[in-house]
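Position one of the sequence shown corresponds to residue 0 (numbering that gives the first Met the number 0), numbered consecutively onward.
Derived from the structure by calculation, the hints contain no laboratory data. One thing to keep in mind: the hints can contain errors.
Straight-line distance between alpha carbons at most 35 angstroms, and here's what the computed DSBU-like set of lysine-lysine pairs gives [to be verified]:
#	residue 1	residue 2
1	Lys177	Lys260
2	Lys48	Lys103
3	Lys154	Lys23
4	Lys85	Lys177
5	Lys111	Lys177
Ranges of calculated distance between the beta carbons of each label pair, as one might list FRET restraints [unchecked claim]:
#	residue 1	residue 2	range
6	Lys232	Ala53	53 to 59 angstroms
7	Ser204	Lys260	21 to 27 angstroms
8	Gln228	Asn273	56 to 62 angstroms
9	Lys193	Lys100	22 to 28 angstroms
10	Glu104	Lys193	17 to 23 angstroms
11	Ala78	Glu187	39 to 45 angstroms
Even for Gly, the Cβ is constructed at its ideal location relative to N, Cα and C.
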Amino acid sequence: MKILILASGGDSQGMNRVIYNLYKHYKTKVYGCECGFAGLIEGNILPLKHFKPAKHKNNSGVCIKSSRCPEFNTEAGFAKALKNAKNYDYIVILGGNGSKKGAKELEKNGIKVVFVPATIDNDIDNSQYSLGFDSAVNACCYSINNIMPSVNSFKNRVCVFVIMGNSCSKIAENVSDKVNADYLIKSEDDIDYKKIVNTIEKNISKQKNTVIILKEKLLKSEDFVQKLQAKVKNVFLQYFEIGYLQRGSKPTKFEILQANKISEKIFKSIKSQNSHYIYFQKDKWKF
Numbered sequence: 000m001k002i003l004i005l006a007s008g009g010d011s012q013g014m015n016r017v018i019y020n021l022y023k024h025y026k027t028k029v030y031g032c033e034c035g036f037a038g039l040i041e042g043n044i045l046p047l048k049h050f051k052p053a054k055h056k057n058n059s060g061v062c063i064k065s066s067r068c069p070e071f072n073t074e075a076g077f078a079k080a081l082k083n084a085k086n087y088d089y090i091v092i093l094g095g096n097g098s099k100k101g102a103k104e105l106e107k108n109g110i111k112v113v114f115v116p117a118t119i120d121n122d123i124d125n126s127q128y129s130l131g132f133d134s135a136v137n138a139c140c141y142s143i144n145n146i147m148p149s150v151n152s153f154k155n156r157v158c159v160f161v162i163m164g165n166s167c168s169k170i171a172e173n174v175s176d177k178v179n180a181d182y183l184i185k186s187e188d189d190i191d192y193k194k195i196v197n198t199i200e201k202n203i204s205k206q207k208n209t210v211i212i213l214k215e216k217l218l219k220s221e222d223f224v225q226k227l228q229a230k231v232k233n234v235f236l237q238y239f240e241i242g243y244l245q246r247g248s249k250p251t252k253f254e255i256l257q258a259n260k261i262s263e264k265i266f267k268s269i270k271s272q273n274s275h276y277i278y279f280q281k282d283k284w285k286f
């Protein structure tokens, strides 16, 4: 038996643990596809031991490398990928909805696949959780909780924390709840300067600084801060892009536990000799 594993799209904590578990379980039978679907097209495939999975098992990132590959969606690109995929009995794919779509295309063309939801955004169709989400939320809270004590050494401060999430607001919502933020901007409907100014002024009257959580890609941070600054006087505004700290932080204990549970599902999937899409539903990982 020959098994191939690849990661596509953004990396997320827990990916390396799954990769290590597959190596530990299958040894020389498992291979790594470097740079996701791009590597599948080019045939950049090596025995998984080449990527030193044991060294990276508890680290963030993804040791086999990832990529975004528009060429995979072309007829020529997919044909090359399919030709190389046919050399393996199973392909394990770690990623988000785009990766899931790629997995389904390969399956339609006779390839046995196992899809694993792995994206910090936690926006996989039909799954209530995806690898990386808990670690991303934890990293954001850690950053904010380490910035605010210094900020609170001064009066009349407003801090805007820009949180990743692409088109999904789940990270921003969870972080806002955990750090007890004063205002959450998760959609365009929340960009209400009158309400935001009112919140800031109420906090000033209580001698309290203001924490605003802003989901990425809604508007430019600099523009938002400048416009808000023009509406409130005698207040110092600043913003912090949490950014890749969300992905680069160490996986939480919860994340490692989930990665181990997912790995068991992968083993069962391959043993059953059928394609499977792994989802988290009602506190359990299911096919």
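Consistency of the hints with the structure:
{"no.": "1", "hint": "Lys177 x Lys260", "result": "26 angstroms, holds"}
{"no.": "2", "hint": "Lys48 x Lys103", "result": "27 angstroms, holds"}
{"no.": "3", "hint": "Lys154 x Lys23", "result": "54 angstroms, violated"}
{"no.": "4", "hint": "Lys85 x Lys177", "result": "46 angstroms, violated"}
{"no.": "5", "hint": "Lys111 x Lys177", "result": "41 angstroms, violated"}
{"no.": "6", "hint": "Lys232 x Ala53: 53 to 59 angstroms", "result": "58 angstroms, holds"}
{"no.": "7", "hint": "Ser204 x Lys260: 21 to 27 angstroms", "result": "49 angstroms, violated"}
{"no.": "8", "hint": "Gln228 x Asn273: 56 to 62 angstroms", "result": "58 angstroms, holds"}
{"no.": "9", "hint": "Lys193 x Lys100: 22 to 28 angstroms", "result": "41 angstroms, violated"}
{"no.": "10", "hint": "Glu104 x Lys193: 17 to 23 angstroms", "result": "48 angstroms, violated"}
{"no.": "11", "hint": "Ala78 x Glu187: 39 to 45 angstroms", "result": "41 angstroms, holds"}
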